[in-house]
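S.K.: Given chain A, put chains B, C and D in place with the hints provided.
Each protein sequence line maps, in turn, to chains A, B, C and D.
For the first sequence, the working numbering puts the final residue at 315, and the numbers step up evenly by one.
For the second sequence, the working numbering puts the final residue at 315, and the numbers step up evenly by one.
For the third sequence, the working numbering puts the final residue at 315, and the numbers step up evenly by one.
For the fourth sequence, the working numbering puts the final residue at 315, and the numbers step up evenly by one.
Rather than coming from a laboratory, the hints here were simulated on the basis of the structure.
No false leads were slipped in.
Interface residues of chain D toward chain C, partial, derived using beta-carbon atoms under 10 Å: (1) 31; (2) 96; (3) 153; (4) 187.
Where is the CB? At the ideal position from N, CA and C, for every residue including glycine.
There are 4 protein chains.
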Amino acid sequence: MAVENKFPGKDLSEDDIAQKIPLVAKKSPDHKTVFTCGGIEIGGPLVPVMAGPNTVETEDLIVESAKAIKASGGHFLRGGAFKPLSFPYRSPKFFEPREDGLKWLSVAKQETGLPIVTEVMEISKIDVVAQHSDMLQIGTRNMQNYPLLTEVGKAGMPVMLKRGYGSSLRDWLMAAEYIALEHDRLGMEPQIVLCERGIVAPHTHRSTSRFMLDLQVVPAAQEVTHLPVMTDPSHATFWQPWVKPMMLASLAAGADALMLEVHPDPRNAAVDPLQASSFEEFDDMMRAMRPVASAIGRTLDAGSNV
Amino acid sequence: MAVENKFPGKDLSEDDIAQKIPLVAKKSPDHKTVFTCGGIEIGGPLVPVMAGPNTVETEDLIVESAKAIKASGGHFLRGGAFKPLSFPYRSPKFFEPREDGLKWLSVAKQETGLPIVTEVMEISKIDVVAQHSDMLQIGTRNMQNYPLLTEVGKAGMPVMLKRGYGSSLRDWLMAAEYIALEHDRLGMEPQIVLCERGIVAPHTHRSTSRFMLDLQVVPAAQEVTHLPVMTDPSHATFWQPWVKPMMLASLAAGADALMLEVHPDPRNAAVDPLQASSFEEFDDMMRAMRPVASAIGRTLDAGSNV
Amino acid sequence: MAVENKFPGKDLSEDDIAQKIPLVAKKSPDHKTVFTCGGIEIGGPLVPVMAGPNTVETEDLIVESAKAIKASGGHFLRGGAFKPLSFPYRSPKFFEPREDGLKWLSVAKQETGLPIVTEVMEISKIDVVAQHSDMLQIGTRNMQNYPLLTEVGKAGMPVMLKRGYGSSLRDWLMAAEYIALEHDRLGMEPQIVLCERGIVAPHTHRSTSRFMLDLQVVPAAQEVTHLPVMTDPSHATFWQPWVKPMMLASLAAGADALMLEVHPDPRNAAVDPLQASSFEEFDDMMRAMRPVASAIGRTLDAGSNV
Amino acid sequence: MAVENKFPGKDLSEDDIAQKIPLVAKKSPDHKTVFTCGGIEIGGPLVPVMAGPNTVETEDLIVESAKAIKASGGHFLRGGAFKPLSFPYRSPKFFEPREDGLKWLSVAKQETGLPIVTEVMEISKIDVVAQHSDMLQIGTRNMQNYPLLTEVGKAGMPVMLKRGYGSSLRDWLMAAEYIALEHDRLGMEPQIVLCERGIVAPHTHRSTSRFMLDLQVVPAAQEVTHLPVMTDPSHATFWQPWVKPMMLASLAAGADALMLEVHPDPRNAAVDPLQASSFEEFDDMMRAMRPVASAIGRTLDAGSNV
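With the rest of the complex left out, here is chain A (with noise of 0.2 Å):
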């Protein structure tokens, strides 16, 4: 297929077109994309682990969440301070903490090292959130945002981008390709990790579950891409009983990252408290992964040599 660009600013050579487009397929078998963020690496060895709350509800808990996840060995704080809500009206519990969040996270990234993800909505707050996180993530209902896409791909910072719940890989690419173009033009491999939280499916096992999560897609991608593919157990099986056995088989699966929902007292969580996992059962997880990790070559310990 003749492709032309026509996006305004630079354009593709047409060599660039015929050796590099799409940039986020394999171009060989071992093609791998691996890139570090807050020091830590992504698409090595290192499954980096991306736990921490829902919300950033208070400074309090952010930092005593931090704390914990440090201490049972997580690699970023994951936190949402600017929320997408599916309905425009908040309980009297929940709070947006929107800005103040933002520092809230800086203030643990502080105290405990930990590198930010958190995600971001909207083009005019991208600028805010770049300051505060060292990962910028794109959420399920904005997958298919192509403008907040390119924007966010200007920022030049590293980027999880969540399947669209409804979203076939295929799209889930094109979308990563309008972040990789712009990381293209400003001169940077592209530096993206793919989320996979869960898709509609006819099937999902609680009435209190609207999604599944697909492990399959995570060989499908790794055929087709040399991103980085993650997983999101949490959102994906919205139960946290379920989400042990499902970091443990994602990781099994060949993925290059995973994220979970911690939080100091998952039942009285702002948000989505049955898929929230406490302290304790993460420091359990930690603990269960590292043998299955060390059994397929990886790791989950930063500074270990494989």
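M.R.: Okay, now just chains B, C and D, sitting in the frame of chain A:
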């Protein structure tokens, strides 16, 4: 559930919350929103047909299409000036007309009197799109782009909210609530039409089709919301020969409006050539639908009394 | 593809294979099977309606139902004598009538003249079911029970093949081919009607519904097979208020026949009380459908010329 | 719900119903069925691997396969003698071995000691299949063939019940109850293993794949039933390169057994050549799985103590 509104700006009173929220919910079995857009009533006995090309390719094409649609009895002209493309590169054939396309739509309106429906993808373009259209369309990929929904709501214009292709009825209605809340703040009844455009499903029957038209959602939505509900069989089926039966079926199922792609030369359309209908096919559909509308106590003739 | 028939018994010749296989495939755009069952034509302008209770609960109930269905213009009496129940225990309310139910169906036929459609679940019961029915129904759970399909085919009677609730159009047609092959061996044209009865899908809109009526499959099937295609909105929607719009939509989409559950006292039906229509609801639907049938050039009146 | 058992033959007492029904339900958090089949324990720390070709093509092929599987540490030999084919015609390559295939399986068992798992499709063949196998397999297309389930249950042998490709967990468990009821009548604990083999889903990632492996069902099923749960990644993925990651993921997710297709010459397999693994690929998988089993406190070595 006690609901507290934490939105910036005007707060809802406790009474409002108790009596009005969700704004999109039916308050009685006969509760049905009827509103007028560009002189055409939506939600009443008339079933308006919104037709036009996927993309406003040229001024001539859109004017020619508008005339043919008008001649066959269509009620709205639809066409994309801003186009969400799944991949950041365009084929040589494709040109995104952007503001030029909006002007061409206005020319077509002047020539034919047909009101305009067109998509808005970015907050920064709402003003210019609003100047050139009678109804703002939110596309399937932006159904849960909440900042966009809020800003589009603030424009105080009729909105067509396409269903996300993986979204539940509940998610769709909650997204509509974002727009309805802004309309309510402006002192308007909500002027929103919900558009089913095909969902992901296990079997879509052609390897080229990715979506299935969900007609069960028409009575399901009408059971719980007072908003009008319409369908878009072209995007759902992605195959022109199935558009006519699905138009007729949508009408018979109780859809309050219908949308389809019409192009003077479908096989050479810049986008989605397999799903567009020719002027002759459109005229044939309109002829076939009129007696069905009549049979169910509705009409396709804007001036008629049913 | 060179096809070799290894079936026991009469072999197909090379010529047969080249010209006739698959037997269920359309050989030309106008190729459409029309056959008569119990004096009622299927596949022509008439759209026969097959109505009756889920289960033949008592002789009185089925005779009363048959009279009401006849009075409202229904064409076939349907009712289950042998019932596939998903769980091996029965509520006190439920009684599987088995051979008794078949006899009661015959009484109802004698009283009203309505031909009978009823399900056969086991090879050992084909003979007795065939004695008391005009059309053998294969249920969704047995769509790929190939030994049953073959033996039912050998009975040389009209067959209604319900679509498996997770099955593709391709699987459905290939299952029909098992029956068609036996009809061909008997020197008959295939007398098979394909019945869409709802499929599993990500969103079915009520927590009580498990299925979605797939109307897109009506034109999709008619594009490739000459067999008539019908729908069963009661089982698909599992909710009576949606049955009427889905009956009308099925008719408008081009369905060649329609099936629904009708019960004298739906809320007290032994099985599936939420989906059954009362006699009054059935009569209302028949009245609503007649003008729609007429509008699309078909009819619900067995004696009429369209 | 008061449950009344109307089955012919021995009735359940009121006490049985109150305390035992559903037979497949967990009665306490630690309730887990363990049973022995052909000397191999299922449901305990051992995770038995059932391997072999899709079809028992020849005696040599099945004996050669059994030896290779045994050498690599596989625990059961699987292979189809009776084959449900979706289309009634066979390619010249395909030969359904039927009773001959059963005999060849017995030869392979004599040579290697591997117990046999093979499918039974018809009531009339249960006796002969039972003579030549240690575990009766019910295929996905027969999961709700209730007469077959009942008769297979009466054989009093271990049964593998594959999940219907469109079926919910609830339907699957209710189907298992049919078998469990017969085992209970024989005075046995239920000897049933549930096998997830891929379900229909909106996106399966290859145009050649029709199914998605649902690993979320492993913890979901184990939450509510005491029966062991296993997976079949070959049929689910339909693509050999994804089998290894999905085997490892299944193991890590807590599957109690694993099944896969192994063939001496996969590309020339009579059926499903894209999904079968070679002997070398199988050996590599077994080597990769052993340390993962050990890491999660299980084992692949029948003689070991964990």
